[in-house]
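Trainee: Since the structure of chain A is provided, determine the placement of chain B on it from the hints.
2 protein chains.
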Amino acid sequence: MLGYNLIKKDKKTKARVGEIILPEGRVQTPIFMPVGTNGTVKGLTPYYIEETGSKIILANTYHIFLKPGINIIKKFGGIKNFIKWNGLMLTDSGGFQVFSLPNKKINDEGTFFKHPYTGEDVIFTPELSIEVQEIIGADIIMVFDECLPYPVDYKYAEYSIERTREWAYRSKKTLKNNKQALFGIVQGSIYPDLRKKSAEYTVDIGFDGYAIGGVSVGEGHELMMKTIEMTEPYLPENKPRYLMGVGLPEDILGAVERGIDMFDCVIPTRYARSGTFFTRMGKIRIDKKKYAKDKFPIDTNCNCYTCQNFSRAYLHHLFKSNEILSDVLGTIHNIYFYNDLMKNIRFSILNNDFLSFKENFLKNYRNND
Amino acid sequence: MLGYNLIKKDKKTKARVGEIILPEGRVQTPIFMPVGTNGTVKGLTPYYIEETGSKIILANTYHIFLKPGINIIKKFGGIKNFIKWNGLMLTDSGGFQVFSLPNKKINDEGTFFKHPYTGEDVIFTPELSIEVQEIIGADIIMVFDECLPYPVDYKYAEYSIERTREWAYRSKKTLKNNKQALFGIVQGSIYPDLRKKSAEYTVDIGFDGYAIGGVSVGEGHELMMKTIEMTEPYLPENKPRYLMGVGLPEDILGAVERGIDMFDCVIPTRYARSGTFFTRMGKIRIDKKKYAKDKFPIDTNCNCYTCQNFSRAYLHHLFKSNEILSDVLGTIHNIYFYNDLMKNIRFSILNNDFLSFKENFLKNYRNND
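Heads up: the sequence lines are chains A and B, in that order. My numbering applies: residue 1 is where the first sequence begins, and numbers increase by one. My numbering applies: residue 1 is where the second sequence begins, and numbers increase by one.
Just chain A, with the same shape it has in the complex (with noise of 0.2 angstroms):
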């Protein structure tokens, strides 16, 4: 059960500033999400993940099934209480998840693969999906769909979105709480009439907000661009739209001009642990020599908590000592740097001025040592 107030449309742009609001606490959007795949943002506790400014966290349904498994979940009431985040949580529907593993099989009924730990059998049907979800008790769950690769040939995406649109009519049907809002998912590749369809199904079918999946999958940033305006017009205006899995900063400055509202994406938090990290100017490689007695902060215009208090050169000696407090205080500041940028994003919206404010970040942003 999910509301959403539009709050400000941009004049020149797609772009919006909206409130969502959940049983257990509201968001402003644009909105980024980090990813805490095994119930855990990597490295952070559930203070820092605070102090980030983060207001929703993400899980994997696949992983958490897998392990710890949802009877610990329920006896836990919740992975909320399991992982102790008193933020807000959504769950994927281990979708994308299993239809990357090597050994799967499709068909109409669900996905059919060997458990990596046990070697059993498993259906992982839209059903199961939902039910998981609800165990695992996050406030926004999602449909269970088929997650396209890419490229796909126009004839098994066109049949595939036939059986996304039954596979999100079964999700629906399954879910048996009122309090979890619960997103459709677009599909259809690359192609506009699929995309167009694919839109139109999910949205006769009614959800709590909808989302553009099977993006950020090799297709680059022009096709990832192509594909949302293919596939916005279709979505109501009344609802949140999520782009899954995106991404880096252009990324989401793009999205947000073509009226996306929420994010997720594992790069703040996977870079951070390979020792890159984002700036006002551009990423940078920690391990460059060049900051080996480098005084200033990442980014001297950050308030994270790492930027406050440590210098390039300590992070360098860090990251080249493989300190695991590298990736604490990396990832710390990259998920900042992440909210960061979506405050002032919505700020912008608010200001009429997000078109000046995407220009002014891409010219200076453009450092890739």
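Since the hints were derived computationally from the structure, they do not count as laboratory data. One thing to keep in mind: the hints can contain errors.
Which copy? The list can't say, so a pair holds if one copy fits it or any two copies do.
Said to hold, decoys possible - With a straight-line cut-off of 20 angstroms between C-alpha atoms, the simulated SDA-like cross-links for lysine to any residue are:
1. K11 <-> E359
2. K12 <-> K226
3. K226 <-> H115
4. K114 <-> F76
5. K295 <-> G78
6. K283 <-> T13
7. K67 <-> K295
8. K320 <-> G119
9. K289 <-> T118
10. K114 <-> R170
11. K8 <-> H63
12. K67 <-> S100
13. K320 <-> P116
14. K11 <-> F357
15. K290 <-> L66
16. K172 <-> G275
17. K74 <-> K289
None of these values were measured; they are calculated from a predicted model.
Mentor: Relative to the frame of chain A, chain B by itself:
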């Protein structure tokens, strides 16, 4: 520059409560000091190090000398600025580390070894050790000594304590500032007459505190206790005594009983990373299946951030999933546990109750799963 106030002597044992006064702070003893080898207590931000109740942390001179190197530490005006630790610090002399190297050569001048990164020849001498420690800038620094292996024959140990005496002289002579406290180190292996002689040599030179070195090198609990007993009577009452590299809770309790004030050890931090957590009932191995559904914290009587928030089941899940947060939360708990033990030890001494506290602690502390 160090003061030591002996606050209270236990009536039945040699246990004592004291206060060490340093230019940048004061601490009560007996105290445990967590190890931050590379300038980081692995996984913990300074915020969490403080949360564990730690007042003094260690850094290893040898490691800091190699990486990031003293030029960088000098540029930052000392290690505390570099790592942003507002508490107190202690550095070892590098003696233990260089003597652990496989291809070092030792003579009366110092220790010769190949720089593991550059391949250059390095001579670590008492003079160099102190110069490096002055640049690192810890509150308490250590003389460069010859750390004897165990077992070692009497003849070698007999000669070695003469060398350690000479190196202690040279260390003291090298120290140019009067802000850092300098501790001498007593060697002599397990030979009572050599320990006595080395203690007398060291006290004769005169230091701000006295360490017992060459323990916790495989000699076992009983011999370690005997080594303290053969050394402590020759150490002045009005200076702090530091047992280097020790140890398990039972070692610490036995050493406090025999008059020791200060301890450092990698055990709480290293054990945490391997999933071994300390409790009042003994050590637990969090990977055991029985913890998979366990809703209790590591230790129900513990007030640390980890125990106040997280279940054994979640920690089991994090550890089994190789999640960094397992290291972080486990380290917070284990260090807190050690600091809490020290607090209870001090409290029991102040209440003339040390022996019964110790017996009671050890009676409960028998789990080793």
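Trainee: If a hint holds in the structure, say so; if it does not, say that too.
Mentor: Do the hints match the structure? See the list:
no.	hint	verdict
1	K11 <-> E359	within (16 angstroms within a copy, 75 angstroms between copies)
2	K12 <-> K226	within (18 angstroms within a copy, 82 angstroms between copies)
3	K226 <-> H115	neither (37 angstroms within a copy, 56 angstroms between copies)
4	K114 <-> F76	neither (27 angstroms within a copy, 55 angstroms between copies)
5	K295 <-> G78	between (44 angstroms within a copy, 13 angstroms between copies)
6	K283 <-> T13	neither (27 angstroms within a copy, 60 angstroms between copies)
7	K67 <-> K295	between (42 angstroms within a copy, 16 angstroms between copies)
8	K320 <-> G119	between (39 angstroms within a copy, 18 angstroms between copies)
9	K289 <-> T118	between (46 angstroms within a copy, 15 angstroms between copies)
10	K114 <-> R170	neither (23 angstroms within a copy, 68 angstroms between copies)
11	K8 <-> H63	neither (37 angstroms within a copy, 56 angstroms between copies)
12	K67 <-> S100	within (18 angstroms within a copy, 41 angstroms between copies)
13	K320 <-> P116	between (34 angstroms within a copy, 14 angstroms between copies)
14	K11 <-> F357	within (14 angstroms within a copy, 72 angstroms between copies)
15	K290 <-> L66	between (43 angstroms within a copy, 18 angstroms between copies)
16	K172 <-> G275	neither (41 angstroms within a copy, 41 angstroms between copies)
17	K74 <-> K289	between (49 angstroms within a copy, 18 angstroms between copies)
In terms of the numbered hints stated before, the structure departs from hints 3, 4, 6, 10, 11 and 16, listed from lowest to highest.
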